[in-house]
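Peer 1: In order, the protein sequence lines correspond to chains A and B. Going by this note's numbering, the letters in the first sequence line up with residues 203 to 618, in that order. Going by this note's numbering, the letters in the second sequence line up with residues 58 to 141, in that order.
Keep in mind the hints are simulated off the structure, nothing from the lab. Heads up, the beta-carbon is just placed ideally off N, CA and C, and yes, glycines get one too. Possibly wrong hints are sitting among the right ones.
Cross-link-like lysine to any residue pairs, in silico, SDA-like; alpha carbons within 25 Å at most [claimed, not checked]:
id, chain 1, residue 1, chain 2, residue 2
1, B, LYS82, A, LEU617
2, A, LYS609, B, GLU106
3, B, LYS105, A, VAL611
4, A, LYS552, B, ASP92
5, A, LYS552, B, ARG71
6, B, LYS82, A, ASN616
7, A, LYS609, B, TRP103
8, A, LYS371, A, VAL333
9, A, LYS266, B, ASP98
10, B, LYS105, A, GLN506
11, A, LYS609, B, VAL94
12, A, LYS609, B, TYR107
13, A, LYS266, B, TRP103
14, B, LYS105, A, ARG451
15, B, LYS82, A, VAL611
Stretches of chain B that chain A covers, calculated by requiring three or more beta carbons in the stretch to come under 8 Å of a beta carbon on chain A [unchecked claim]:
id, segment
16, 62-75
17, 87-97
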Amino acid sequence: MRYSLASLLLNALSGQSRWSPAWRSPEPASHYDVVIVGGGGHGLATAHYLAKHHDVGRIAVLEKGYVGSGNVGRNTTIIRSNYLLPGNTAFYELSLKLWEGLEQDINFNAMVSQRGVLNLCHTDAQRDAYVRRGNAMRLNGVDAELLDAEQVRAFVPFFNFDNARFPIKGGLLQKRGGTVRHDAVAWGYARAADQRGVDIIQHCEVTGLRVDRGVVVGLETTRGFIGAGKVALAGAGHSSRLAAMAGMRLPIESHVLQAFVSEALKPMIDTVVTFGAGHFYVSQSDKGGLVFGGDIDGYNSYAQRGNLPVVEDVMESAMALWPALGRVRLLRSWGGVMDMSMDGSPIIDKTPIDNLYLNAGWCYGGFKATPGSGFCFAHLIATDQPHAVADRLRLDRFAHGALIDEKGVGAQPNLH
Amino acid sequence: MRLPCPYCGERDSREFINRGDAGLKRPEADVEMADYVYLRDNPLGWHKEYWLHTVCRTWLVVERHTQTHALGTVTPARHERVGS
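Only chain B is shown next, with the shape it has when bound in the complex (with noise of 0.2 Å):
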């Protein structure tokens, strides 16, 4: 799998770390916060999730298919809004 870095081009999957689930929002009440942090929809299908390109250090946010690995728009993360 390679994925596309905005700033650096197409590169190879392993100079990349997944950091899950760029979808949740970070809850103001704490009765939510066990939620946010172990609760997933873990979805067959498109799901938006958190790369980090660890050459160039920029975050993003990666649409990717979960059974194909076929990938949709690639975004620096701080272009995005946080859960949304």
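The following block holds chain A by itself, in its conformation from the complex (with noise of 0.2 Å):
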């Protein structure tokens, strides 16, 4: 059924009894000309896009747990582009792009708000890295707006603007960034992908990938073994064991990163804030709950929680921005399990093996990412050709020096 206001008189006319589910739940096929592995954002936006602009034949999205219950329902929501590097403002773009037109183009409220995404400057030269990325951002046609310090207080004035360590000198503004209500997303796109015939087959893990003389012909998985034209892999958290499957080890390490949840609050913050002298960025939800976060935990994890440390500094680093929160309870804090990539940059592209490709390494930037990973990952499933944005996130770079280090940081994952 789609959805409109005629559908929803309907319903509230006939005590809500005519929906139909969202999606379907069928048995697995014995073969499918594209399997996608992983029912996250990036798997089903690839399933969308793969049915809506592809004619690649039956499609299916195999996911060990079920939809929304990985990072696409883990993660603090926010939506930007406010990249420096060749290889990501490009494709961030595209991918905040679709954000703009995504509802209407599923059929669903995912409740996109553009509220603006405020990154802070307490430092000389931290403004000149952020009129360095602003200015990169405005050539390639981004939004970036440069704040000084009474320009941020007139749009934000509750925060602590006198602190002695940490002054706020300006800072730089995206104004189409902003927050999406995450799980509507995963929903959104699995119902778009359900109605163009893709089958999410949820509760089925895979367990083994069947390659025969260099090409990928299937899957093992606790359901039985499906045969597959192209595997498509979009494992966020788990990537390396999926290519171990394969026999590959890739350029990642998995770590865990923390968010919070506060108790609902009345309006406080329009806007998305991050503190650029500490790990904290915060904004606030529709129910009224602050939602923020800071950095990964920094050593290799698979587990779906986070240690003290980091929800100390994150405390901290919070009370240090915006005092008011001191007497404001903490509701939730949780982990998601992230690849880590030696870059921190992502990856879409072809594996060494045949019809088998490879969407990962999305480090803590893969919520944003999502339509524009899954219209380029689909773009690449189709064609065997990267498309013109995503054409540098290869996993040859690595060998071939061609790094795309937004922070300069080196190999050190736990430092990205």
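Take the two lone chains, each set in its own frame, and fit them into one complex as the hints suggest.
Peer 2: Following this line, the structure appears as structure tokens:
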């Protein structure tokens, strides 16, 4: 059923009895033309754009848990495209443009809210870096505004501007950035893909990849063998384990990133702000909870929970920036397992094994990339050619030295 | 998480810095260097890794389970054969 005012009224007058399930729960077929491993945001977006823009035959998405149980439901919902380096800027801008048209495209209210993303700077050197990044963005057709201290004060007056150690000297604002309701992204893409005939198979874990003379031919799963013309890996957090099933090692370590939400409060902040002197960023959800996060824990982890030192670090940073939070109670915290790539940038590429495609290494920036990642991955799977804006996100860039290292810290995943 | 330093006893994890996989062996040949620098096994399970105890400045090789954070052997790195 298409969601519309008419469908709302019809169900309002019929006791909400005419809704149909948002997607089917089909039994897996014995063979698909394309099998996408991972029913998170990227996998479902890939399925949607494959079915919508390309003619590749039957498509399935395999999800080991349920739709929305992984990182797509565990992030802090921020979207933005404020990147400096070639290879990232155009890609994330495509993604942001897709966000802007997403709800009409998938007929689902994902609550896309372009409330702005403001990066604060606290030193002259940091401001210089923001000037450079803002100029790079504008040269690439991305919106960016440099604010001085007074403009920041007018925009978000409630911060501690007179902190002796971390005075707020200004900020880089991307007004088109903002937040999106992350669960709705997973559900919306799942529903849209399902309506175009994609089989979404939940509770189906891939346990092995069957490779015959350098060509992938199918997958061993907890629900039996599934043959496949092409296999596309989008299992963020566990990409190394999937690749190992095909005998590959990846330039990736899995790390845990924590996020937090406070009790529900009256509206306190109507934008997204990142603290430039510590690991802390904050926005407010429509339910009223302040959503914030910080840095990764810093060691390999497949546990969907973090440890206390990072909790303390985030809270200290929060208090330094915004002392009014001192009496706010923390409601929940959680952790997500992410692919930390060796240069901090993602991979959308073919692999040395024929018909096996890889979408991995999103670090903690995967949510904002969801539509762009799905769009470019679908293009790669269907045409065997990288999409123009993703042609630097290659797997072999590490061997060739063509790294995309936004932070410039080298091959240390726990520093990105 | 608390890590047992052989010299200082069990200490809070914030006294330590992680430096990743301790199973990598620096290759002789240049062509293998990119793999050494960038590729990782990244296992779900037991993992041998370097930790620096910043208090006593000792490099340790710690066996840790990457899902449960359970600890196995902890030895000073100088007693370990590199890449073993």
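Peer 1: Decide, hint by hint, whether the structure agrees.
Peer 2: Against the structure, the hints:
1. B/LYS82 with A/LEU617: With Cα atoms ~22 Å apart, B/LYS82 and A/LEU617 stay inside 25 Å; holds.
2. A/LYS609 with B/GLU106: Cα-Cα ~24 Å, so holds.
3. B/LYS105 with A/VAL611: This hinted pair holds, its Cα atoms lying about 23 Å apart.
4. A/LYS552 with B/ASP92: 18 Å, holds
5. A/LYS552 with B/ARG71: Status violated; Cα separation ~39 Å.
6. B/LYS82 with A/ASN616: 20 Å, holds
7. A/LYS609 with B/TRP103: With Cα atoms ~30 Å apart, A/LYS609 and B/TRP103 exceed 25 Å; violated.
8. A/LYS371 with A/VAL333: 13 Å, holds
9. A/LYS266 with B/ASP98: 22 Å, holds
10. B/LYS105 with A/GLN506: 20 Å, holds
11. A/LYS609 with B/VAL94: Distance ~18 Å between A/LYS609 and B/VAL94 Cα, so the pair holds.
12. A/LYS609 with B/TYR107: 23 Å, holds
13. A/LYS266 with B/TRP103: 22 Å, holds
14. B/LYS105 with A/ARG451: 17 Å, holds
15. B/LYS82 with A/VAL611: Holds. B/LYS82 to A/VAL611 sits at ~22 Å (cutoff 25 Å).
16. 62-75: holds (count 5)
17. 87-97: Since 6 is at least three, the answer is holds.
In this structure, the hints that do not hold are numbers 5 and 7, in rising order.
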